[in-house]
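Here are the chains, one letter per residue:
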Amino acid sequence: MTQPFPFSAIVGQTEMKQAVILTAIDPGIGGVLVFGDRGTGKSTAVRALAALLPPITQVASCPINAPTLDECPDWAELGSKKVVKRPTPVIDLPLGATEDRVVGALDIERALTRGEKAFEPGLLARANRGYLYIDEVNLLEDHIVDLLLDVAQSGENVVEREGLSIRHPARFVLVGSGNPEEGELRPQLLDRFGLSVEVTSPKDIDERMEVVRRRDAYERDPEGFLKRWRPRDGKLRRQILKAREALAEVETPDAVLRDCAELCVAIGSDGLRGELTLLRAARAVAAFEGAAHLERAHLRKVAPSALRHRLRRDPLDEAGSSQRIARAMADLFGNFRTAAE
Amino acid sequence: MLDTAQTQANWQRARLALGVLALDPAGVGGLWLRARSGPVRDRFMQEVRRILPDARRIHPNIEDEALLGGLNLTATLSTGRVVTSEGLLSANAPLVLTMAERCPPRLAAHLGATLDQGGPGLLALDEGVDEEAPPEALTERLGLFISLDGLTQGDLLGPEDPLDLDTARDRLPKLTCTAEQVDTLVIMAAKLGIDSLRAPLFALSAARSIAALLGNNSVTSADLGLAAELTFAHRAVFQPESAEEAPAPPDAPNPEPGSEAESDTSHDLPDEILLEAVKASLPPDVLAQLADARRIRARPTGTGAGARHRGNRRGRPVQSRPGRPGSDARVDLIATLRAAAPWQTIRKQSALIERAVHIRKDDIRLRRYETRSDRLLIFTVDASGSAAMARLAEAKGAIEILLGEAYARRDHVALVAFRGEGAELLLSPTRSLVQTKRRLQALPGGGGTPLAAGLKLALETAHTASARGMTPTVVLLTDGRANIALDGTANRGQASSEADEMARLIDAAGVSALVIDTALRPQPALNALSQTLSAPYIALPRADAHRLSDAVRAATDG
Chain G
1 MTQPFPFSAI
11 VGQTEMKQAV
21 ILTAIDPGIG
31 GVLVFGDRGT
41 GKSTAVRALA
51 ALLPPITQVA
61 SCPINAPTLD
71 ECPDWAELGS
81 KKVVKRPTPV
91 IDLPLGATED
101 RVVGALDIER
111 ALTRGEKAFE
121 PGLLARANRG
131 YLYIDEVNLL
141 EDHIVDLLLD
151 VAQSGENVVE
161 REGLSIRHPA
171 RFVLVGSGNP
181 EEGELRPQLL
191 DRFGLSVEVT
201 SPKDIDERME
211 VVRRRDAYER
221 DPEGFLKRWR
231 PRDGKLRRQI
241 LKAREALAEV
251 ETPDAVLRDC
261 AELCVAIGSD
271 GLRGELTLLR
281 AARAVAAFEG
291 AAHLERAHLR
301 KVAPSALRHR
311 LRRDPLDEAG
321 SSQRIARAMA
331 DLFGNFRTAA
341 E
Chain F
1 MLDTAQTQAN
11 WQRARLALGV
21 LALDPAGVGG
31 LWLRARSGPV
41 RDRFMQEVRR
51 ILPDARRIHP
61 NIEDEALLGG
71 LNLTATLSTG
81 RVVTSEGLLS
91 ANAPLVLTMA
101 ERCPPRLAAH
111 LGATLDQGGP
121 GLLALDEGVD
131 EEAPPEALTE
141 RLGLFISLDG
151 LTQGDLLGPE
161 DPLDLDTARD
171 RLPKLTCTAE
181 QVDTLVIMAA
191 KLGIDSLRAP
201 LFALSAARSI
211 AALLGNNSVT
221 SADLGLAAEL
231 TFAHRAVFQP
241 ESAEEAPAPP
251 DAPNPEPGSE
261 AESDTSHDLP
271 DEILLEAVKA
281 SLPPDVLAQL
291 ADARRIRARP
301 TGTGAGARHR
311 GNRRGRPVQS
321 RPGRPGSDAR
331 VDLIATLRAA
341 APWQTIRKQS
351 ALIERAVHIR
361 KDDIRLRRYE
371 TRSDRLLIFT
381 VDASGSAAMA
391 RLAEAKGAIE
401 ILLGEAYARR
411 DHVALVAFRG
421 EGAELLLSPT
431 RSLVQTKRRL
441 QALPGGGGTP
451 LAAGLKLALE
461 TAHTASARGM
471 TPTVVLLTDG
481 RANIALDGTA
491 NRGQASSEAD
501 EMARLIDAAG
511 VSALVIDTAL
521 RPQPALNALS
531 QTLSAPYIAL
541 PRADAHRLSD
551 AVRAATDG
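Line by line, the protein sequences give chains G and F. Residues 1 to 341 in my numbering are what the first sequence spells out, letter by letter. Residues 1 to 558 in my numbering are what the second sequence spells out, letter by letter.
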């Protein structure tokens, strides 16, 4: 298994790349929902980003990837206590995963062989401080999606069953991908994803050729290809790290808060999560661009991603959500940049 | 029908495909073989044994532990130490999946993940009939497709060049495709309407392997053509000739305004000239073969959910039962311990090994849940001239009300329409209500009323759905004036007797139904039909939203 395909070498897919970068800057934005056809590089982008981020320092055998020995949970049987550097974890959630496998359960082998009660961590533990990628999230059983969104929101996995009472940190970015033609997620679940992205395979022939050329070059000579793209990946990594530092300093003028609220009211998004997510995402954009103040332009960049999946609509209604948002923005903010921007 | 030369060529191509899989499994993912069980397939499997001697067989019901490895519970219990078994996937040997059309989504996900990481290659043996096919998540990652349909034993008797894999393996690293060849493949795929970009990548790898196997020093255009046949034929959406007039795919979103403007110096030749060059460079009959292959390939159905066992949704937990642990069933630890507890004293005395808890295989209890099935509503709509004149628009409205109900209850819907000479499945079972509404709105009216054909297709759809673990209900909207028989002739008497026959079959199959009469004046004949179907009968003239939804609920729950 070689290094994943470099992030900067992914052709096109600007909206998806932006969404994934924003979650790297501020994981609190929430998960990313990627709707699109097959073969559009969804899982490639997530893996590539995780490889782009600096490695995390963790205790070697800790099941929750804790950074120091103190933070390792008591229930963990630690093998090696060395502190090592490992790449950001990207865990795949298989389609038939049972709740036990995801959340963790009583360690059956220890119970039956040694008669001891112990906790066997699940996928959520392994995904801590990383990414959890679910393919075909719209086919996953509802109660598991519910559970995942709960944990992703609170950052903590609580297990209360079979005589166990365990809590452990589970901070990860949830990325779900799916083909909307095969089924729709319920609105309550949709709303809890932070950003949503629509990807399609490129229609432009030149773009398609470039994708295939790059992928072919990567497969035939991975070392050379990675070396060529390393500088750009490095630049992106430094930008992300700087943005993380700068995030807390970004000022939010009242005017922009008002814009945010007006936009959400205009498109009729349900609840307040839309505004909160929009705000956080816009701040992350501002931090990424090195701006000291939040501006309307930052809102524009991220509004479709943040709001597309939250529109209250008739389930039988086919009106394109992206157009509604674009129209609302054009009405409120005007088509051209004003002095305020 | 394919003639002898073509079928013999098909067989040679099948052998070549096997060679490609053996040579570069990571590059092509796998081979999707569509063939019914029989002497031709047996002959193919002989070739498989020769070319892929270390291939391992797996079946759709294989447990996760066998595939991925894990705790071997019974061995652990008997020896008192932890015994893990290695999964088949870690053996790095090519896998042969039998009965691939029955592959559950869970297994497809695992295999897909392995293929994505450049695994050892998967040969999927698809024995499906008609529309049955392996899940799309799996077939998307299988680069090569071969159909042995239409081949007879006589076609296999021709001379065969032995495939020299070792020489080919030596030759392979030196073979690359030129930039023009890469571009040609991408353009060809686009012209054939293939959306996924995996296809050209598979074609690239296949072309290089084919060149290696055929002993060429460089990748020729004939190699490209063969590679295209193996990798593009089954994914092609339209004919290359009509590509210029082909409309853009209907669900393409607005072009992203933010996309980088490509410099237009990249291609001086317009695409049509390139396509002509492509066509000229391909062997003359590949286009015809593409058309043939498209006819034989299977169209996967709309949904991936719904495993092939009775009931596909988990409900409340119920009493646990004894059994063997496996990937489908989780051990109910408390119940197991409770079953073993009374025997501890005796077992401790006679035990050879010192242990905290003595558990035997028979103590193991497995968790069970109530099985519930997804419901499927098969809307069977009469779109004939008589209905169109009267009530088609209102029938469509009635269906939309019912779709709203289906949405609330997370039901699947399918759409069958009959008019003119036969019936058509407009929409395979799906949960996507937006699609249903779109297809419904686009439904034209006119022609005769082939009621029997509509009922027949509804029954077939219901059968496929039951096999997938769903509970189907047929919702029939018609004015009942059947006048086209199953063979397409206009014979009112035959038409209505055949419709009766179909209704009896539906009733016998235990499929629940609901009849909605769309005629301006309710017909007694339709009332009789609904009695044969054991179905509630509603006359649309007096129907309103409440009555319709109550009736549907009664029909599906009852």
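Honestly, the hints are just simulated from the structure, not real lab data. Glycine included, each C-beta is placed from N, C-alpha and C at the ideal position. The reader is advised that the hints may include incorrect statements.
One side of the interface only, derived from the structure: several residues of chain F facing chain G at Cβ under 8 Å [to be verified]:
#1 Arg-106
#2 Val-182
#3 Val-237
#4 Ile-334
#5 Ile-353
#6 Ala-356
#7 Ser-432
These are the hints, each one checked on the structure:
| no. | hint | verdict |
| --- | --- | --- |
| 1 | Arg-106 | holds (3 Å) |
| 2 | Val-182 | holds (6 Å) |
| 3 | Val-237 | violated (12 Å) |
| 4 | Ile-334 | holds (7 Å) |
| 5 | Ile-353 | violated (10 Å) |
| 6 | Ala-356 | holds (3 Å) |
| 7 | Ser-432 | holds (5 Å) |
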